[in-house]
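Please build the complete structure, drawing on both the sequences and the hints.
Spelled out from the first residue to the last, the chains are:
There are 2 protein chains.
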Amino acid sequence: MHQEIGFIQDLAVVMALAGVVTVLFHRLKQPVVLGYIAAGVIIGPYTPPFPLIHGEQTIQTMGELGVVFLMFSLGLEFSLKKLFQVGVTAIIAAVSEIALMMWIGYEIGRAFGWSAMDALFLGAILAISSTTIIVKALSDLGLKREKFAQLVFGILIVEDILGIAMLVLLGGLAQTGELSPGIAFITLSKLLLFMVVSLLAGIMVVPRLLGYVARVGSDEMLLISVLGFCFGFCLLVVKLDYSIALGAFLIGAIMAESRHLHRIEHLIAPLRDAFSAIFFVTVGLMLNPHVMVEYAWPIAVISLAVVLGKLVSCGLGTFLAGSDGRTSMRVGMTVSQIGEFSFIIASLGLTLKVTSGFLYPIAVAVSAITTLTTPYLIRFADPLSQKLARAMPSAVSNVFALYGQWLSSLMPRSSGPTFFTLVRRIVVQVALNLALVSAIFIGVSYGAYYAAPALSAWLPDAHIQRVVLWGGALLIAMPFLVAVWRKMQSLALLLAEVSVNPEHAGRLTRALRHTIAEIVPVLAMVGVFLLVAGLSRTILPPTGYLIGLLAGAAGLTMLLWRWCVKIHASMQIALRETFDERPDA
Amino acid sequence: MHQEIGFIQDLAVVMALAGVVTVLFHRLKQPVVLGYIAAGVIIGPYTPPFPLIHGEQTIQTMGELGVVFLMFSLGLEFSLKKLFQVGVTAIIAAVSEIALMMWIGYEIGRAFGWSAMDALFLGAILAISSTTIIVKALSDLGLKREKFAQLVFGILIVEDILGIAMLVLLGGLAQTGELSPGIAFITLSKLLLFMVVSLLAGIMVVPRLLGYVARVGSDEMLLISVLGFCFGFCLLVVKLDYSIALGAFLIGAIMAESRHLHRIEHLIAPLRDAFSAIFFVTVGLMLNPHVMVEYAWPIAVISLAVVLGKLVSCGLGTFLAGSDGRTSMRVGMTVSQIGEFSFIIASLGLTLKVTSGFLYPIAVAVSAITTLTTPYLIRFADPLSQKLARAMPSAVSNVFALYGQWLSSLMPRSSGPTFFTLVRRIVVQVALNLALVSAIFIGVSYGAYYAAPALSAWLPDAHIQRVVLWGGALLIAMPFLVAVWRKMQSLALLLAEVSVNPEHAGRLTRALRHTIAEIVPVLAMVGVFLLVAGLSRTILPPTGYLIGLLAGAAGLTMLLWRWCVKIHASMQIALRETFDERPDA
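Chains as they are written, first to last, in UniProt numbering: chain A, 1 to 585; chain B, 1 to 585.
Do not rely on the hints blindly, as some may be mistaken.
[What the hints assert, rightly or not] Okay, the calculated beta carbon distance ranges per label pair:
1. B:Leu28 with A:Val522: 50 to 60 angstroms
2. A:Ser218 with B:Tyr46: 29 to 39 angstroms
3. A:Gln57 with B:Gly447: 29 to 39 angstroms
4. A:Ala451 with B:Tyr46: 18 to 28 angstroms
[Stated by the list, open to error] Covered stretches of chain B, going by a simulated chain A footprint (3 or more residues, C-beta under 8 angstroms):
5. 15 to 26
6. 228 to 238
7. 267 to 279
If you are wondering where the hints come from, they were derived from the structure by calculation, not from laboratory data.
Where a beta carbon is used, it is the ideal one built from N, C-alpha and C, also for glycine.
Okay, here's the thing in C-alpha cells:
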C-alpha cells in the first residue's frame, strides 16, 4: 500500500480541508460550494505556500465521478411528467438564452480585438449554464423542490441537449470552416432519437431488474447493481460521443421510475456528497490568480455579461413563455453562471488548435466568479422582483398583465377527449414506435459496421450478408411496425370521418371514407419504408433481394399478427405499470 | 470530460460485472467475495478474450480506498472494551500462529530448494491472515457479531501490529543481513506508544468535534467531516511508516466512541460497499492462470500448509488460552488464508531485490485459493468440531476438560477492590500518563528535526534552542507529570502499608512507612526523568542549562499545581464521559 501514499495524501488534504470549510461556511451561513472552491484555491498550485496536491490527475478523475453522481442524483429527482409540464417554457427560455449569449460573447470577443474563431468559441462558452453548480446551490438553499427550480432543471436539460449539439457543430465548423443546417438537423434528430429510445427501453427494463434485486438482496447488492447500471449506461453514452453528464442524468431519470427510488437515493447520497465535494475542490484547483490579474478587464466584462445577459435572456424567455414576473426573475438569476460545459468547449478549441491559449483560463475564472455570485443572486431574486414590481410604472405592468391574459386565452381549454387530443395521442404513439423502429435499424447498421470483419468471415457474400442483417432488423422491429400500422388505421378512420362531409359527398360518403381509411395507412407504411431504408442504407439489400424480403416479411407478419399485437400490448402495459407505480415511502 | 473515457470505461466494466455476479452468487448461495474475485479474473489481462481494463493503476487506487473503508468500518464496529476482554487470548493465538507459520513457510521454501531469503520471506508471507477477506466473509455469512468473531478480530489486530513490526524488521534484515532484539523491541514499543497515545488523544477530541458537527449540520457535513478525519489520520499514520489499514482501523475505533456512531455507519456503508467491491475485483485482476499452472505444485503445497498450519496453530493457541473446542475450531478455520499483507511483504522483497520473481505471483495465487476456501471453511467449522468431539477417545476429551478446569482455577476470583486490583489500576494510569509524556517529548524531538532550518534562523544559539524546545515540551507535559507524581504517591502509600509489617518493625513502623512513602515517588520521578531524557536526547539541553530549567520547572509546578490537577481531572472526566456514552439508536 505504500505506493499509494501520494494519492492518500492528496485525498487527505482535500477531505480534511473540505471538512473544515464545510463547517466554517455553514457557521458563516454561506453556501458550502464556495467553501469547497476556496479550499481548492488554497490547495492549488498557484497559491502560496506550495502545491499541496501531488497527483492532480487522480483527484480530477475523482472529481469527474462527482459530476456523474451529481447528475445521476438530479435524474433520480426528476420526473418525466414534470418535464412534460415545463417542456415548452424550458425550450423557449433555453433557446433565447443560448442565442443571446452566443451573440453577446461573439460581440465581446470582437470588441477586445480577438479573432473570429476565438469570439465564436467565447460565445459558445458563455451559452450553457452549469447544472452541477445550480443543483448544489439550490439544494444548499433548500429551494430544490420549488416550482421555479423544476423549470430551471427543465431549461438545463434542454441546454444540455443543445450544448451537446453545439459541441458537434463547433467541432465540424472548426475543422471544415463551414456549417450546414442539414448536419445540425441530423445531430439534433439523432440525439432526440437516442434519448427517447433509451428512456423507453430503460424504463421498460431497469426498474423491473432493480425490483428483483431489491427483493432478494441486501443494500450492498442493490447499490452495486445501481452502480453497474449507472456506469454501464454512461459508458454506452460516452461511446456514442455524448457527454457522461447526459448519460448519468438519463439513467437517473430511468431509475426514478423504480419503486425503490427512495432506497436508491439513500444509498447514493453519501457517494454523491463525497465526490461532489472533490469535484468542487477541483474547480478551485484550476483557478490561477495570476491569469485573473493579467486578464482582469476581459474577465470582469465577461462575468458581468454572463450575469446580466443570462438574467435578461433566460428571464425574458421564461416570461414570454407565460410564467409570472417573480418566477422569471428567479429563473434568470439562477442560471447566471457558466461551468463544466464551458470548460469542455474551451478545451475543444485548444485541442483543435483554433483558439488562443488565454481562452481556457478566462473561462475558468469567469466560471469561478459567476459560481461565487450564483447563491447570492438566487437569494437576491425575490427582493429584487418585489422592488421592481413596486417601482414599475402602472402602464408597463398593465401591458405585462394583458400579455399574460392573452397567452392563457390561447391555451386550449376543454374537458374530455376532443378530436385534437385523440389525434395527438395517436401521433405520439406512432412517433414513439417509429423511434424504436429507427433505433433498431440504426443499431443494426452500426453493429454491422463494427462487426464487419467477423461478418465477412462468416457470410462471404455481401448481398446475403445484407439480406440477413436487414431481415433480422425487420424481424425485431415487427411488433412496432404492426403497432404503427394499427395506429395509422385508427388515425385514418378519424381523418376519414372528419375530412369527408356527408353534405358535400352525398352518396359517395361511405366509399370516400372507406378509400381514405384504406389508403392512408398504406401511404404511411410506404413513408415508413422510405425512412427505414434511408436510415439503414449501409445494410439495405439490392432491389431484387429487398422485394423478396419484404414479401416474405409480409407473409410472416400475417402469420405472427396476433403474437405481434400481444407482445406489443404487454410491453405497453409494462411501461404504463412502471410509470403509474408510486415509489415506496 | 472526454479525456476520462478510459477510466469511466474501466469503472463501468468493473461495476457492471460486479453487479451481475453479486446477484448471481447470491442466487447460488455463495459468498459474494468469490464473485467479485471471479469478476476480476474475467476482466483481468490474463484471461481471454482480451484485457477489459485499460488503466489498471487507477482501478488499483480505487481498490486501496476499499481497504481504507473496510478497515474503517471494522474499527467502527470494534469496541475497546471487547478488545480488553479478548486481549490475552488474542495475543497467545496470534503469536503462536505467526511463529508456526513463519517456521512452516521457511521449511517449505528450503524443501523446494529456494534461497534462505526466499524461504524467510515465504514464511513472513504466510504469517499474517487477511483482515479484509475475513471481515467480508463473516459479514456475508452473518456471523460478525458472534463471540468467536470478536476473538478473531482481536487476533487480527494483534497480527496487524506484529505484521507491521515484521515489515520493519524484515526490511532491516534484508538490507543489513542481521537482526538485533533491541531494534525489534524499540519497533514494537514505538508502535504500542503510537496506538495508545492516538487512541487516548483521539477519543478525547474526535467524538466531541463530530458531536458539534452532527448537531449543527446536515448529513453531508457530517460525512465530509468524518472523511476528513479518516483520511487526515491515515495520512499521519502513513507518514510515520505504518500501514494505512492500521490508520483507518484506529480512527474507526476512535469514532466508535462517538454518540453518532449509527449515523456514521449508515453514511459510510455505501462508500465501503462500492469500494470494497472494487478492491476484491482488483485481487482477481492480479491472478495469472499461467503462473498458477507453472508453479502448480508449490502453490498447492503452500495453500494446504496455510489452511492446515493456521487451523492448527491459531486454533491450538486459542484453545490453550482457555477457549472451548468449538470456538477454537471456528477461530482456526476463519483465519486460514493470506491476503493484502502478504502482497505487501512480497513486494517489499521484490523492491529490495532480495527475493526471486516467482514469489509475488505465488503469494497472489495462494491468497486467491485460500480466499476461495475461507467461506467454506468457516461454514464447515461447526460440523467438523462436532464430528471431532464425537470421534474423540474419552481419555483425550477428559484431558481437555481437565485443562479447562485448571485454567479457570488460575483466574483470580474476588469481588471488591483487592490490593492487586488497586495496584493494577494505579499502574495502568501511570503507564497511560507516561505514554502521553513520552509522546510529547518524542513529538517535539521529531518536530525540531523537521523544522531545524526554520528554528536555526529564529534561534541561532543551539543551546538556547534546546532549552526552548525541551522547556516547551516539559510545560505541555506538566499536567501529566503531576498526575504521575500523585499516582506514585498513592502507590507508595499502598506499598508502605503492605511491605512494612508492624510485628517486625515495631516502633519503627510509622517512620519506615513514612520514609517509603516519601522516597518511592522521588525515585520514580528520577526514573521518569531518565526515560524522558533518553527519548528526547536530540533536544536535551547541556547539564548546566538543564539544571536551571528543571529548577524553574519545579518552581512553576508548585505555582500551577492546582491548575495542573484541575486540567488533568477534566481531561480524565472528558475521556470517561465519552467512553460511558452509549451511541444514539
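The hints, checked one at a time:
Between leucine 28 of chain B and valine 522 of chain A, the C-beta spacing of about 54 angstroms keeps the proposed range 50 to 60 angstroms intact. Range check, serine 218 of chain A to tyrosine 46 of chain B: about 31 angstroms between beta-carbon atoms, so the 29 to 39 angstroms window is met. A hinted range of 29 to 39 angstroms for the beta carbons of glutamine 57 of chain A and glycine 447 of chain B is consistent with their spacing of about 32 angstroms. Our hint of 18 to 28 angstroms for alanine 451 of chain A and tyrosine 46 of chain B holds, since their Cβ atoms are close to 26 angstroms apart.
Three residues within the 8 angstroms Cβ limit are the bar, and the stretch 15 to 26 of chain B against chain A gives 9, so the coverage statement holds. Look at the stretch 228 to 238 of chain B against chain A: 8 of its residues bring a Cβ nearer than 8 angstroms to a Cβ of that chain, three or more, so the hint holds. For the stretch 267 to 279 of chain B, the assignment as covered by chain A holds, since 8 residues bring a beta-carbon within under 8 angstroms of that chain's beta-carbons and 3 suffice.
Checked against the numbered hints given earlier, this structure breaks none of them.
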